[in-house]
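Residue numbers (the working numbering), protein chains in the order written: chain A, -2 to 399; chain B, -2 to 399; chain C, -2 to 399; chain D, -2 to 399.
Keep in mind that the hints were calculated from the coordinates and are not lab data. Where is the CB? At the ideal position from N, CA and C, for every residue including glycine. Treat each hint with caution, since some may be false.
[Said to hold, decoys possible] Now the stretches of chain B that chain C is said to cover, found in silico as 3 or more residues with beta-carbon under 8 Å:
1. 149 to 158
2. 187 to 194
3. 231 to 239
4. 307 to 319
[As the list claims (entries may be wrong)] Partial list, derived from the structure: chain A residues whose beta carbon lies under 7 Å from chain B:
5. ILE49
6. ASN53
7. ALA167
8. THR170
9. HIS174
10. VAL214
11. TYR216
12. PRO290
13. ASN293
14. VAL301
[Stated by the list, open to error] Below, simulated DMTMM-like cross-link-like pairs (lysine to aspartate or glutamate); rule was C-alpha separation at most 20 Å, straight line:
15. B:LYS88 x A:GLU297
16. C:LYS90 x D:GLU294
17. B:LYS246 x B:ASP363
18. D:LYS220 x D:GLU277
19. C:LYS269 x C:ASP218
20. C:LYS107 x C:GLU40
21. C:LYS345 x B:ASP365
22. B:LYS393 x C:GLU358
23. B:LYS283 x A:GLU99
24. B:LYS220 x C:GLU396
25. B:LYS393 x C:GLU40
26. D:LYS276 x D:GLU247
27. D:LYS220 x D:GLU297
28. A:LYS283 x B:ASP56
29. C:LYS345 x B:ASP218
30. D:LYS345 x A:ASP364
31. A:LYS88 x B:GLU294
32. A:LYS345 x D:GLU209
33. C:LYS393 x B:GLU358
34. A:LYS392 x D:GLU396
35. A:LYS283 x B:ASP74
36. C:LYS130 x C:GLU99
37. C:LYS345 x B:GLU209
38. D:LYS283 x C:GLU71
39. A:LYS368 x D:GLU396
40. C:LYS345 x B:GLU396
There are 4 protein chains.
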Amino acid sequence: MKKKVLQNLEKLRIGVITAGGDCGGLNAAQYAAIMTMLNLGYEPIVIPGGNIGLYNLIDYSVDEILPATVAFAESIDITRAGSEIGNTRIKIKQIDDPESWERVLAGIKKHRIDGLIVIGGDGTGRESRRYIKHGIPCVHVPKTMDLDLQSLSVGADSAINKLARIISDAKTTGESHNRVLIIEVFGANTGHIALCCGVGSNADAILIPEVEYDLGVVYRDLKRTLFDRFNRSSTNTGTYVIVVAEGLKETEQRPGNGGATGAGASIATRLKTMMKEDKEIVELMKAARLYVPGVNEAPEIRDVVPLYIARSGETSALDVNFGLEVGAGAVYALSQGLSGVTILGFNKGTLNYMKTKNAIERRYVDDDKVKMFENMGFCFGRPVELFEPTLHEVKKPPERLY
Amino acid sequence: MKKKVLQNLEKLRIGVITAGGDCGGLNAAQYAAIMTMLNLGYEPIVIPGGNIGLYNLIDYSVDEILPATVAFAESIDITRAGSEIGNTRIKIKQIDDPESWERVLAGIKKHRIDGLIVIGGDGTGRESRRYIKHGIPCVHVPKTMDLDLQSLSVGADSAINKLARIISDAKTTGESHNRVLIIEVFGANTGHIALCCGVGSNADAILIPEVEYDLGVVYRDLKRTLFDRFNRSSTNTGTYVIVVAEGLKETEQRPGNGGATGAGASIATRLKTMMKEDKEIVELMKAARLYVPGVNEAPEIRDVVPLYIARSGETSALDVNFGLEVGAGAVYALSQGLSGVTILGFNKGTLNYMKTKNAIERRYVDDDKVKMFENMGFCFGRPVELFEPTLHEVKKPPERLY
Amino acid sequence: MKKKVLQNLEKLRIGVITAGGDCGGLNAAQYAAIMTMLNLGYEPIVIPGGNIGLYNLIDYSVDEILPATVAFAESIDITRAGSEIGNTRIKIKQIDDPESWERVLAGIKKHRIDGLIVIGGDGTGRESRRYIKHGIPCVHVPKTMDLDLQSLSVGADSAINKLARIISDAKTTGESHNRVLIIEVFGANTGHIALCCGVGSNADAILIPEVEYDLGVVYRDLKRTLFDRFNRSSTNTGTYVIVVAEGLKETEQRPGNGGATGAGASIATRLKTMMKEDKEIVELMKAARLYVPGVNEAPEIRDVVPLYIARSGETSALDVNFGLEVGAGAVYALSQGLSGVTILGFNKGTLNYMKTKNAIERRYVDDDKVKMFENMGFCFGRPVELFEPTLHEVKKPPERLY
Amino acid sequence: MKKKVLQNLEKLRIGVITAGGDCGGLNAAQYAAIMTMLNLGYEPIVIPGGNIGLYNLIDYSVDEILPATVAFAESIDITRAGSEIGNTRIKIKQIDDPESWERVLAGIKKHRIDGLIVIGGDGTGRESRRYIKHGIPCVHVPKTMDLDLQSLSVGADSAINKLARIISDAKTTGESHNRVLIIEVFGANTGHIALCCGVGSNADAILIPEVEYDLGVVYRDLKRTLFDRFNRSSTNTGTYVIVVAEGLKETEQRPGNGGATGAGASIATRLKTMMKEDKEIVELMKAARLYVPGVNEAPEIRDVVPLYIARSGETSALDVNFGLEVGAGAVYALSQGLSGVTILGFNKGTLNYMKTKNAIERRYVDDDKVKMFENMGFCFGRPVELFEPTLHEVKKPPERLY
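Kindly generate the complete structure, drawing on both the sequences and the hints.
In structure tokens:
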């Protein structure tokens, strides 16, 4: 795909699809892509349901696939999560049809689609490279609630806000009943979300795949902190909150829980055992005047998995702002002949992008960041080492999103 | 306990305890009880942790149990859920101590407590009758998220608001992925909460213990409604939402889920089977252009259990208003010599109350109410019968809360 | 309008209009009316923009005014405030057209409308009686954010929740800067909203039209409370919050403020003067270590008017539940031949209603209720009298909404 | 202040103050500073009320100013806005006391404070340079709701989220009544907030100080857009939303409105006049079937000023995360001997900072950013020029906050 070719087209027709898990910012990105195309005189083609629609495009008559209008764009609520044009996790290669790519390409040809704007995560980034391999120019708009792309992505800020609120709110339950609360959050391979919503809600401990943890360290921090709180409180109340990334390697699985891996439940089980075997607990409960024989001999431990609740509903303003920016950016990039790239955003008049294959390389939580938070009292399940940052003076104004 | 006795006391000392599950309105009720007592010149005694504190009261020195002050009352955030004075589900009889009642009574005597204000549900209502049996005057402030007392209770309105928001928000996920969503909510024996948050979020089907349901009826409504929505939508999207009361009798149990009974998971499993066995689904999926061989041959079905998320965090204004009213009411009732009664609220200068044993009789969802909602399109899993209400003219202004 | 006439109609055609200020619950009421009619086989006619649509109905062709469908009803988001079918405060008699009623009646006749369901407040209730006078059967669904009808109405609970949240949140500003905050809320003639959101947010003083207040009483409570809080706080912080009903008679008006009467601003001005003239303030500021010569010699006083923010956005679950109930009730009432009545709601299989002329009589805040809250520490600007409620045992289960 | 000197101190005593307007993130920054100091073995000294406390520090006995404890830090709710240690806009030079600096320095000396962490905006940045001039080492943590520092700052993200929600919610009111809504938001000199919350809520027009606007352009966009929406809607409803930065130069002032400049009210007045003088409006109203003689001859125009509501209550997760990061960063910077610098945040093990005098230079909204949004349909009151971004490939992973 050459830049000139696309610019020579009288009416560039660009398809818009979303893929992967739903989250905040998808609607903003598709709205911006559609509206920017309309303003530039292009024809935005909405492909319903991501790869579902791409696979079935050939079955639609030409009259059924008309360019999106302002009225259609205005029907999209950019302040809400989810993808109003429909979404799927399905990859073309997973389809039980040996001619699935032929079918996709025939649909693309029939509806004269010149290129695709694909809004999705790392899997979708890889899928977009397959589109390109099959001859469909493609620009990638980054989305992942896991925050594990090299680029910033839509979706995470909304989820972090929701989760931080859920965790912070859950403390009213924990404190009423003197319970330990364990909250399992998104993050199949990385702990970005657990870290951000954990510190964002002032949780006590945060367990993430990047940090090798010793549950004994957590248990000791829990015991000390919890009983300190009981003893300090005029009503003997207190809680201790542990945020667990679902990607934590734990053996117990909770079946049928729609994505929950059971990491939180497993940590809960193990902590219950530790507490049961701890001879000091009864004395501590007695000293805190919380001991009741047979029925309240140790603090209770409960786990919660917010699941879909974390990804639905309102979208944060940051995700809307960033979604609009990268959605528009994709139009400029594709119309100028780029393909195989991931949009990073604008810095003044410059549109920054990365090669998609580089952008989707998994990003892990940085250990220095963990150390910084450990030195602020958050427990990550390991002994705290002194954090000694290097100081660096920045001389020119930093690039920034907001 | 005679009215005169209490009024003769120079400084009436009344203990305040909360019991049962935590929820919205508990803080308002205890705040109002404490502040009203302070204004009336009584001594409010906060008993930490409900029965935990009652059992351990004897261990506190007299100097440690001082009347609550305005400063203490102001430290209670009445707009937040939970009980800031601590809470427990423990009943005295469950305690592994044959002399637990003696211990309780000794504590009551040591700290010269003249009576108790007990904020809790039906179990707590029964417990309050046991206090009375043991000689402790007691007034009951109604609390139950299940709404199944004869009296209105604090807690439910906050939970219904939270759940209605969660369900309404979850639709962004359902619509993005064309999924059926099943949400299991509180209600161990009754369907009040499921009904109120179900209609409050415009869910499609509501399954409650009071209504014998045929899942086939739900399935047919689901199929018709969902594909109507797909076909009506310009992007082929849609969802169908089922709210399930945890008290629904279902066989599968999901272990270790902190109170979730698995009713929602069971309904999900059964619906998946029905859908799998339904020969028409593939044709409907094809007609809706959603069929993708091997990977999208039927709509997905997912279940969520909000659990603690529904009871924590913000308290609704109604629960605060009502909590303040009944918390204050309990002080007037107890100080005028009442015991064994449940506070209903004020109607102008009249404080309404019921005998606790009558107030805590379980209240079920009224079948006529269900019929009314069925005739509005909500599915309860049975054929819809015509609702024919009797008309009744009310001539004098109705009693009301707000 | 006779009952039989309506029931003989094969297809009863009922128009639905909303009128007056927008608020929560309107969408629920209209949704329920439409869906109930569709289930009963009637033809729901949506009249856009209330009296605007009624006046212009004659200009629509018969094909343009078709019965609402399920698809239309589903497009209404019952969890959101406002009226999606359009709303106006205009009364027919205000229209600058001597033949406005003729025009309305011609439209009604042209589109064969058999009766109206009118969702609105006291003004709308009066307007509905004019429809009837002109021969249009009419049932009234109560709506008023002011809560000043005899019947419960949709809208207020949503507004009270929003306002209580705004007031509660505003304390973070007040406490940071040691400010007195004055918040002016809805309530043109009555103080229900100010009372409910004031106690719902634990405000300190509440000024309402029903209670003759002495600002000196407020000032003294403010001074004592505020400096107590400063002195009690380890960081010398504190706030004092006054909620003012817009209907409070104050002389200063703040022009162009979309409904704000300036009552809050006037109270602010008067309190500033009192504080300026109070010789003790400087000493108190010094004692609290807050005195800074020339720039911080007295606590600041600020006022806020939330206005439209209080009536827009989310609808509370109670307003949705109640809106659905009374919206459906109106259909049953009208179809059974009632007219000139206001729907109160269902009690099991009984539909309760009042004559509209009785239902819209203004309801004032009860003085005993004020006394009850005064005895809990809320300041209403007058000396506190002892509240001595009469006790009343309720023997049968109370009627209730939830 | 030399690096070595500070590191030699056995117990570094660092004062923490906040200054300027209250907002989200202040509590997180102070919490992180205190907790990091406690972990590093330093003594965190909380100075109550910013410069108020600094001025009065000399009056506290040595025993009254003790290092903050973990218990104190835990009493700070980092998820809430405002500054729990107290805040003020007062600058030392404004104090009516010729010896104010002497007094400050005496207090600093008396309590052996080695340096200050100052959390505030540009004015506070300038004030921090005055502290340094008087010999008090000082590190600046950036805070400004206006977003107009060169560095990212705490507070804005929370405010943008609140405002975007308020604006988005207000549409239910606008659409119900077919109104034009004008919302005036923070931004005394720059339009960052107006821009971010305007696009974040999908407002229609955004007026900011950086863009010279022609109200005629806005009016024409309004007229076209609004009547398009009326005509497209099956219920003739629609709204048009204009977000106005308070810093917009407008002549009319609305007195006594606590910071509101009247820019929104002025725009409202001018648009009303334009609409009144526009001969076409009546025809358009008639065509949209909205015309009612005398009472509805043109769409209504209303303005709202959210004021304090935008800065109070919840803090966004981003502000908490960033606040924790820069609050901790300040401790590392100060303890390593830096002074006169503003913290930018960490990039892995590197702590980035700028000279405060550079960091507080006012940053304006970039015109290319405006162009990008104009090409997406947002109206800024000027003709839209084609946006032609330069494309730039980023080769190494970008620095990022989350």
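We went through each hint and held it up to the structure:
1. Only residues whose C-beta sits within less than 8 Å of a C-beta in chain C count toward coverage, and the region 149 to 158 of chain B has 5 of them, enough to reach three; the restraint holds.
2. Counting residues of the region 187 to 194 of chain B whose beta carbon lies closer than 8 Å to any beta carbon of chain C gives 3, which reaches the threshold of three, so the coverage claim holds.
3. Proximity of the region 231 to 239 of chain B to chain C, defined as three or more residues with a beta carbon under 8 Å from a beta carbon of that chain, is not established by the 0 residues found.
4. Counting residues of the region 307 to 319 of chain B whose C-beta lies closer than 8 Å to any C-beta of chain C gives 6; at least three are required, and the coverage claim holds.
5. Using the Cβ-Cβ criterion of 7 Å, the hint placing ILE49 (chain A) at the interface with chain B is satisfied: the shortest such distance is roughly 6 Å.
6. This hint holds: ASN53 (chain A) has a C-beta 5 Å from the nearest C-beta of chain B, less than the 7 Å allowed.
7. The criterion of a C-beta within 7 Å of any C-beta in chain B is met by ALA167 (chain A), whose closest approach is roughly 5 Å, and the hint holds.
8. Look at THR170 (chain A): its Cβ gets to within about 4 Å of chain B, closer than 7 Å, so that hint holds up.
9. Here the hint on HIS174 (chain A) is kept, as its CB sits about 6 Å from the closest CB of chain B, short of 7 Å.
10. The beta carbon of VAL214 (chain A) comes no nearer than 24 Å to any beta carbon in chain B, farther than 7 Å, and the hint placing it at the interface is violated.
11. With a least beta-carbon distance of about 19 Å to chain B, the hint placing TYR216 (chain A) at the interface is violated under the 7 Å criterion.
12. Satisfaction of the interface hint for PRO290 (chain A) is found here, the shortest Cβ-Cβ separation to chain B being roughly 4 Å, below the 7 Å cut-off.
13. At about 6 Å, the closest approach between the beta carbon of ASN293 (chain A) and any beta carbon in chain B falls short of 7 Å, and the interface hint on this residue holds.
14. Nearest Cβ of chain B to the Cβ of VAL301 (chain A): about 5 Å, under the 7 Å cut. The hint holds.
15. Of the pairs offered as hints, the one joining LYS88 (chain B) and GLU297 (chain A) holds, with about 16 Å between alpha carbons and a cut-off of 20 Å not exceeded.
16. For the proposed pair LYS90 (chain C) and GLU294 (chain D), the alpha carbon gap of about 16 Å is at most 20 Å, so the pair holds.
17. With a C-alpha separation of about 19 Å, the suggested pair LYS246 (chain B) and ASP363 (chain B) falls inside the 20 Å cut-off, and the hint holds.
18. Between LYS220 (chain D) and GLU277 (chain D) the CA atoms are separated by roughly 10 Å; this keeps the pair inside 20 Å, and the hint holds.
19. Between LYS269 (chain C) and ASP218 (chain C) the alpha-carbon distance is near 15 Å, which keeps this suggested pair within the 20 Å criterion.
20. For the given pair, LYS107 (chain C) sits about 15 Å from GLU40 (chain C) by alpha-carbon distance, which is consistent with the 20 Å threshold.
21. For the hint pairing LYS345 (chain C) with ASP365 (chain B), the CA-to-CA distance comes to about 5 Å; that is within 20 Å, so the pair holds.
22. Between the alpha carbons of LYS393 (chain B) and GLU358 (chain C) the distance comes to roughly 12 Å, so the proposed pair stays at or under 20 Å and holds.
23. The straight-line distance between the Cα atoms of LYS283 (chain B) and GLU99 (chain A) is roughly 19 Å, inside the 20 Å bound, and the hint therefore holds.
24. The straight-line distance between the Cα atoms of LYS220 (chain B) and GLU396 (chain C) is roughly 37 Å, outside the 20 Å bound, and the hint therefore fails.
25. About 34 Å separates the Cα atoms of LYS393 (chain B) and GLU40 (chain C), which puts this hinted pair outside 20 Å; it is violated.
26. At most 20 Å may separate the alpha-carbon atoms for a hinted pair to count; LYS276 (chain D) and GLU247 (chain D) exceed this at roughly 26 Å.
27. Distance restraint check for LYS220 (chain D) and GLU297 (chain D): the Cα-Cα separation of roughly 12 Å lies within the 20 Å cut-off, and the hinted pair is therefore satisfied.
28. Between LYS283 (chain A) and ASP56 (chain B) the CA atoms are separated by roughly 10 Å; this keeps the pair inside 20 Å, and the hint holds.
29. Pair hint LYS345 (chain C) plus ASP218 (chain B) does not hold up; C-alpha atoms about 26 Å apart against a cutoff of 20 Å.
30. The straight-line distance between the Cα atoms of LYS345 (chain D) and ASP364 (chain A) is roughly 8 Å, inside the 20 Å bound, and the hint therefore holds.
31. About 15 Å separates the Cα atoms of LYS88 (chain A) and GLU294 (chain B), which keeps this hinted pair within 20 Å; it holds.
32. For the hint linking LYS345 (chain A) to GLU209 (chain D), the alpha-carbon distance of about 19 Å falls within 20 Å, and the restraint holds.
33. A distance of roughly 12 Å separates the Cα atoms of LYS393 (chain C) and GLU358 (chain B); the hinted pair therefore holds under the 20 Å criterion.
34. Simply put, LYS392 (chain A) and GLU396 (chain D) have alpha-carbon atoms about 16 Å apart, close enough for the 20 Å limit, and the pair holds.
35. With a C-alpha separation of about 28 Å, the suggested pairing of LYS283 (chain A) with ASP74 (chain B) is violated against the 20 Å cut-off.
36. Restraint check for LYS130 (chain C) and GLU99 (chain C): the C-alpha separation of about 13 Å stays at or below 20 Å, so the hint holds.
37. A threshold of 20 Å between alpha carbons decides the hint, and for LYS345 (chain C) with GLU209 (chain B) the separation of about 18 Å falls inside it, so the pair holds.
38. A C-alpha spacing of about 29 Å is found between LYS283 (chain D) and GLU71 (chain C), which places the hinted pair above 20 Å, so the restraint is violated.
39. Of the pairs offered as hints, the one joining LYS368 (chain A) and GLU396 (chain D) holds, with about 18 Å between alpha carbons and a cut-off of 20 Å not exceeded.
40. For a cut-off of 20 Å, the pair hint linking LYS345 (chain C) to GLU396 (chain B) stands: about 17 Å separates their Cα positions.
Hint compliance for this structure: hints 3, 10, 11, 24, 25, 26, 29, 35 and 38 are not met, and every other hint is.
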